[in-house]
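A.B. asks: Starting from the known structure of chain V, fit chain W onto it as the hints suggest.
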Amino acid sequence: MKVYGFLKDVLGANRVTSARRKLIESGSPENIYKDHIKEVANELHPKVTHVVVTKAEDVSPTARRFTFEACEGDKLPPFQAGQYCSLDLRIGETITTRPYSISSAPFEARTGEHPLFQLTVRNGKPDTGFASNWLYANVKEGDTFTAHLPFGEFYYEPLRDAKNVVALAGGSGITPFYSMAKEIEHGTLDMNLTILYGSVSTKDIILEKQLKAIQSDKVKFVNVISGEEDYEGEKGFLSRDLIKKYSNGDTTYFVCGPLPMYHFVKGELDALNVPARRIRMEVFGAPRDVTAAEGYPKDFEPKKFRLTVLRGIQEDVIEADSTEPIMVALERAGIKNNSRCRSGACGFCRTELLEGDVFVAPEGDGRRRADKQFGYIHACSTWPLSDCTIRIPIL
Amino acid sequence: MAFYKDNYDVIVIGGALAGMSCAMRLASEGKSVLVLERHNLPGGVATSFVRGGIEMEATLHEMMSLGPIEDPLYIRKYLDEMKVAIDWLRVPEAYDLYSPKDNIDIELHAGRRDDGTWVCADEIDAQYPGTKAEVNRLLELCLKVYESTLYLNEHTLSKLQMLLKHEELVKTAGYSAKEVLDQAFDLPENVKKILSAYWIYVGQPLSTLPFTIYAFLMADYMKGGSFVARGFSHEMALAMQKRAEEMGVQYEYCQNVEKILVKDGHVYGVRTSRGDEIHARYVASAPYPNTVYGTMIEPQSEVPAQARKYANAMPMSVTTFSVVMLLDRKPEDLNIHSYSVFSSEVPFDTDVFWAEGRKHDGWSYVTTICLNYANPGCTPEGMTSLSITNLPLPEAFDDVNADNYYEMKRSIAKQMIEQVSAHLGVNLLDHIVEIEIESPMTVARYTGMYRGGIYGYQHSMDNSVVGRLEDIEKEQYIKGLVGCASHQLVGDGMACNINNGRIASKIILEEMAKEAAV
Chain V
1 MKVYGFLKDV
11 LGANRVTSAR
21 RKLIESGSPE
31 NIYKDHIKEV
41 ANELHPKVTH
51 VVVTKAEDVS
61 PTARRFTFEA
71 CEGDKLPPFQ
81 AGQYCSLDLR
91 IGETITTRPY
101 SISSAPFEAR
111 TGEHPLFQLT
121 VRNGKPDTGF
131 ASNWLYANVK
141 EGDTFTAHLP
151 FGEFYYEPLR
161 DAKNVVALAG
171 GSGITPFYSM
181 AKEIEHGTLD
191 MNLTILYGSV
201 STKDIILEKQ
211 LKAIQSDKVK
221 FVNVISGEED
231 YEGEKGFLSR
241 DLIKKYSNGD
251 TTYFVCGPLP
261 MYHFVKGELD
271 ALNVPARRIR
281 MEVFGAPRDV
291 TAAEGYPKDF
301 EPKKFRLTVL
311 RGIQEDVIEA
321 DSTEPIMVAL
331 ERAGIKNNSR
341 CRSGACGFCR
351 TELLEGDVFV
361 APEGDGRRRA
371 DKQFGYIHAC
381 STWPLSDCTI
391 RIPIL
Chain W
1 MAFYKDNYDV
11 IVIGGALAGM
21 SCAMRLASEG
31 KSVLVLERHN
41 LPGGVATSFV
51 RGGIEMEATL
61 HEMMSLGPIE
71 DPLYIRKYLD
81 EMKVAIDWLR
91 VPEAYDLYSP
101 KDNIDIELHA
111 GRRDDGTWVC
121 ADEIDAQYPG
131 TKAEVNRLLE
141 LCLKVYESTL
151 YLNEHTLSKL
161 QMLLKHEELV
171 KTAGYSAKEV
181 LDQAFDLPEN
191 VKKILSAYWI
201 YVGQPLSTLP
211 FTIYAFLMAD
221 YMKGGSFVAR
231 GFSHEMALAM
241 QKRAEEMGVQ
251 YEYCQNVEKI
261 LVKDGHVYGV
271 RTSRGDEIHA
281 RYVASAPYPN
291 TVYGTMIEPQ
301 SEVPAQARKY
311 ANAMPMSVTT
321 FSVVMLLDRK
331 PEDLNIHSYS
341 VFSSEVPFDT
351 DVFWAEGRKH
361 DGWSYVTTIC
371 LNYANPGCTP
381 EGMTSLSITN
391 LPLPEAFDDV
401 NADNYYEMKR
411 SIAKQMIEQV
421 SAHLGVNLLD
431 HIVEIEIESP
441 MTVARYTGMY
451 RGGIYGYQHS
461 MDNSVVGRLE
471 DIEKEQYIKG
481 LVGCASHQLV
491 GDGMACNINN
501 GRIASKIILE
511 EMAKEAAV
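Residue numbers (the working numbering), protein chains in the order written: chain V, 1 to 395; chain W, 1 to 518.
With the rest of the complex left out, here is chain V (with noise of 0.2 Å):
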């Protein structure tokens, strides 16, 4: 065997080595560290970023718009137009996290003196939004959060979308719309929006003024009433009709809303023949009630469990409701864990299971085919049906 002869040949390890040597010997001396892809990285995913509320106002007479600030030292990342931020909340002993849609357009949080964002929060029934009610009613001027941002795959994807866009809206899930609107209006999104807002009555309507404010050539708004007969506009749900006649040739839907809305216009979108690449769904949280969630043993009584936390090589035991998910009885025992859907879909929240049953919400169950197999689960949508033993990082 050669290549150019015997002695070149056998010499060839040597070469190499010297080379080598004669590389490490022509670096400098000096730290001349300087990472400038981690640098983008970061400012694109901050892993915290520490905001104040610079200003506080009503949008309609039941929910109410928080702009929020860098605050000093820290910068708001960019995002896209329909993606969300995570708040950390502590109400009382409890320690929480919320995803809110930016309700503002990415533009504003890069731009100007004050670049912001916005989250729009609705006061809902006594008792549910127990956290939306919490920062309806208690958050001021001056208030300092700690906010994760920007996450969601809730945005309009030129690659994969249609040009023409139809935006299926209940409630405040019109937020992520009035942002894709805005940077539509800024001339940064090239996109034509149709939203169709359904309310049950106009007293319900987040931000009207504000979206009628936007409406052009490439913004639409229509308010969809089901609750007040003589409203002089469309009435009723957002049925096949509807949106069949808000629809021009290739479309895709973008549908955010409380889950019943989910499950009536996914119905009306298969009966139009929609195909599936052509709808985006928002995650809907998790089921306040999960005993009427698909699967859910029958007739099982609701239970006080024993939770063994493991952390470490610490070891917490604390008390789980059978009717909250996992993560609820972490939060409610002050214990932090990651969280940012809180819908079963991201994964933040993904923990391990050493023992015990659980009943886990089928509907935006995100988690991976190796993760079921060797017992994790997102504890977010997850439910104690006996005493369990779970470790969650040391955070």
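The set of hints was computed from the structure by calculation and includes no laboratory data. Since the structure is predicted, the reported quantities are computational estimates derived from the model, not experimental observations. Note that beta-carbon positions come from the ideal geometry of N, C-alpha and C, so glycine has one too. Be aware that one or more of the hints could be misleading.
So the derived label-pair ranges between C-beta atoms look like this [as the list claims (entries may be wrong)]:
no.: 1; chain 1: W; residue 1: 355; chain 2: V; residue 2: 315; range: 52 to 58 Å
no.: 2; chain 1: V; residue 1: 28; chain 2: W; residue 2: 506; range: 28 to 34 Å
no.: 3; chain 1: W; residue 1: 81; chain 2: V; residue 2: 75; range: 46 to 52 Å
no.: 4; chain 1: W; residue 1: 103; chain 2: V; residue 2: 250; range: 36 to 42 Å
no.: 5; chain 1: W; residue 1: 411; chain 2: V; residue 2: 259; range: 36 to 42 Å
no.: 6; chain 1: V; residue 1: 250; chain 2: W; residue 2: 411; range: 48 to 54 Å
Chain V stretches covered by chain W per the calculated footprint, using a threshold of three residues with CB under 8 Å from any CB of chain W [stated by the list, open to error]:
no.: 7; segment: 20-29
no.: 8; segment: 151-160
no.: 9; segment: 274-280
no.: 10; segment: 327-339
C.D. replies: Here is chain W on its own, set in the frame of chain V:
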């Protein structure tokens, strides 16, 4: 109340394949080991994600060095020894190379017969008659070099023994793959091109890629084939994590190590972002030496000038840009018929591809992977899981900032999709159900790796594995601190990283024994 023990024998920074491999070996020797992983998933980039309820491989991932069960290669043997059980599926073909400007369109398969002939030699001969003997001779040479490299992974030999017993390795060690292919073999240009398609798996053009590495890659893939895990790369990573934990390793998610604590030239622990100071006299580090010496060693006065020279001189290898898609038709309906296609828009030339990787204004060479052909259950019926990947250099993204990032990502992705669509005669843009675009920033976000690097340092002629091996001991600049990722001896790839981890554990165990003896 404490989350950690007072002291560990070894702290492993980074719970990816190298870190877990290192941890398992150390645990099997009775050492107490803590793995600190910054993400909430194991495996680093060897992972998967879920969109709309459907799981997708994070990028192109296949495991080499396994070989079939009946004829296991060294990684299968190691995983078996560590009792890691993974549901492997064999990838059907080695690769397709489609380079229309060269009139190349060929599919090769792995396999070597006992008489020293290779399946792919026959396949090449069918299109380029009369080349069979030379291709077989080349692959037999590769195999010899491969076997010698594996032997030296476990043993040390004198130079004379080396020459006597590992002649092929010794005699080719000083040459690039291009030199050996050109000088020692009589093959038509197109056949050399066909046999160069794997260059992308080491990210080095043939003119500067040491033949040693080329031979290793060719022999390993062409003999043993490659595999994917049925439960995606996440199954592989999670199976390793669970096994490590069974062996007594403490593995913690969401722990970012900020500092490596050093006193009098010896490591004594780490500090995390949470503020925990955890003690160990040995640390295995996935962060690149650049990050370690540049920002992590505390105090900085403990970083020797020679260590800085080393980190600053090491030539950074490639990062990744991947477009991962779920499509709304089955593969055949999209005219996709193979698992792995390498394609080139220009006459095949790895120097040209390499130069293109310094910028992001068009890449001629892309790798298209259709996972369905290796793992038919990976999508619901009637869908296709497809990724298109290029491996550019980190400097290609010097002009990218947070404000032009999304636009840049989409414009590159669009170009790559259109390129592949043109080959297929099917516009893939009309079929996308889900799409994720991964850039070096994505790698940096999830793994923290320096400059989004996935392949460590270049396998170049002036940073050859032979030179690395020769100097491995004197490049342990701080006592107790050992590198444990693709920037180490054997470089990039999932199998190589399992090996890098094994090598790190070996260095640590030897150091421990030495220190105990003093």
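A.B. asks: Each hint: holds or not?
C.D. replies: Hints, verified against the model:
1. For the pair residue 355 of chain W and residue 315 of chain V, the beta carbons lie near 57 Å from each other, so the given range of 52 to 58 Å is met.
2. Between residue 28 of chain V and residue 506 of chain W the beta carbon distance is about 31 Å. The supplied range of 28 to 34 Å therefore holds.
3. Separation of residue 81 of chain W from residue 75 of chain V is about 49 Å and conforms to the stated range, judged on CB atoms against 46 to 52 Å.
4. Here the CB-CB span from residue 103 of chain W to residue 250 of chain V is close to 38 Å, well matched to the stated 36 to 42 Å.
5. Here the CB-CB span from residue 411 of chain W to residue 259 of chain V is close to 37 Å, well matched to the stated 36 to 42 Å.
6. The hint said 48 to 54 Å for the Cβ distance between residue 250 of chain V and residue 411 of chain W, and at roughly 22 Å that hint is violated.
7. Using a Cβ-Cβ cut-off of 8 Å, 10 residues of the segment 20-29 of chain V lie near chain W, which meets the minimum of three, so the contact claim holds.
8. Counting residues of the segment 151-160 of chain V whose CB lies closer than 8 Å to any CB of chain W gives 5, so the stated coverage by that chain holds, three being the minimum.
9. With 3 residues carrying a beta carbon less than 8 Å from a beta carbon of chain W, the segment 274-280 of chain V meets the three-residue requirement, and the given coverage holds.
10. Figure legend: the segment 327-339 of chain V, annotated as covered by chain W; annotation inconsistent (1 residues with Cβ-Cβ distances under 8 Å, at least 3 required).
In this structure, the earlier hints numbered 6, 10 are contradicted, and the remaining ones agree with it.
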